[in-house]
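One line per chain: the protein sequences are V and G, in this order.
FYI, the working numbering numbers position 47 of the first sequence as 47, with every residue one higher than the one before it.
When you read off a place in the second sequence, starting at 1, and then add 1000, the result is the number in the working numbering.
No lab work stands behind these hints: they were computed from the structure.
Source: prediction; values computed, not measured.
Keep in mind that a hint or two might mislead.
[What the hints assert, rightly or not] As a list, the in silico DMTMM-like pairs of lysine to aspartate or glutamate whose alpha-carbon atoms are at most 25 Å apart: (1) V/K29 x G/D1098; (2) V/K29 x G/D1126; (3) G/K1066 x V/D26; (4) G/K1066 x G/D1166.
[To be verified] With the Cβ distance kept under 10 Å, some of the chain V side facing chain G (calculated, not the full set): (5) A11; (6) F15; (7) L16; (8) R18; (9) Q36; (10) Q39; (11) P42; (12) A48; (13) P65; (14) L68; (15) G73; (16) A88; (17) A91; (18) L97; (19) W98.
Note that beta-carbon positions come from the ideal geometry of N, C-alpha and C, so glycine has one too.
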Amino acid sequence: MSTWLTLLAVAAVTFLLRGSFIVFADPHKFPHALRQALQLVPAAVLAAIVAPGLASPEGPVDLSPHNLRLVAGLVALAAAARIRHPLAPIAAGMASLWLLQGSIG
Amino acid sequence: MRSQREEFAAGAREISPMIVGMVPFGLVAGVAATASGLTPAQGIALSVLSFSGIAQLIVCQLLAAKSPGIVVVAAGSIVSLRFAMYSAAVSPHLAHLDRRWRALLAFLMTDQSFAMTTARFSAPGDRSLRHWHTLGASLTLYLAWQAVVIAGVVVGAQVPARWSLDFAVVLTFIALLVPAVRTRADLAAAIVAAATALVAAGLPYRLSLVAASLAGIAAGMAIERSRRRRGRNE
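Starting from the given sequences, assemble the full structure and let the hints guide the process.
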């Protein structure tokens, strides 16, 4: 498969997945359990993306304080819970990581 | 009730803090396209047509590793499966729109605009013009994303690694995650999904993302069900 064909196929698949229910299905016919499950999607998927980024930045899981990204990420989580502004965790997390890296390396 | 233009402007304004966190992500995605051997035109086409940072990064990683096209497409599909879940979650809000509108909003949907759309539609009041809010947020993010990715493609790998800018990608997802946890069921879903993602990290092609999401959803539904059963007994 040529590179261009691969890229177009990826684009087509991402569009079809995004459009799956919005464009091609009638949500009023969804069963109750499905609707309930869907409400849990954001929390579950986002946590599944965040966890490895904090706990295993270099491959193996590292839950020790030597894992600077885990420490900085916990600071960011606390900041996000306290300050309801989307920039709070980004600023707190980056500042923490830079400080930790500077003080150690 | 806000007018179309006010909804659009509010969407654009409310998504704009997310752009700051997205800048490093977009730069990384642009740099990865160049590093994987794509031509600048191919790197930009991938971004303009698929508009998904995670899918773009996976595709670039696999192309750099000379994976066969079918594997690249399969991996891109797996990391994009969450879009089908998002699609199902927002579709009731958009069901009154014609097909062109729905196709446009579907094409532009991202983790960020999904979170913003569910938040906007759950506010009380008249909902008939709120798709303009989604459009304002999604289109702003789309244009900003493309600008940043193109900058990444052009500058290439000149950002020093010790800045750890890729960490901002994770932080952006934390900014989305925390407001999404509203109930005890949400909290259970998040904790179980996070734990499963770590335990299942060895699965190939980021299947751990799918496994963890499903485990989290199942846990949240179990909490929800036991809560309702207790409520009935009291």
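Status of the hints after comparison with the structure:
1. V/K29 x G/D1098: holds (18 Å)
2. V/K29 x G/D1126: Distance ~23 Å between V/K29 and G/D1126 Cα, so the pair holds.
3. G/K1066 x V/D26: violated (40 Å)
4. G/K1066 x G/D1166: Cα-Cα ~23 Å, so holds.
5. A11: holds (4 Å)
6. F15: holds (6 Å)
7. L16: holds (9 Å)
8. R18: With a closest approach of 4 Å, the V/R18 hint holds.
9. Q36: Holds, about 6 Å.
10. Q39: Check passed: Cβ of V/Q39 comes within 7 Å of chain G, closer than 10 Å.
11. P42: holds (4 Å)
12. A48: holds (4 Å)
13. P65: V/P65 check fails; min Cβ-Cβ to chain G is 17 Å, beyond 10 Å.
14. L68: holds (9 Å)
15. G73: Result: holds, 7 Å to nearest chain G Cβ.
16. A88: holds (8 Å)
17. A91: holds (9 Å)
18. L97: Holds. Min distance 6 Å.
19. W98: Holds: closest Cβ of chain G sits about 8 Å from V/W98, inside 10 Å.
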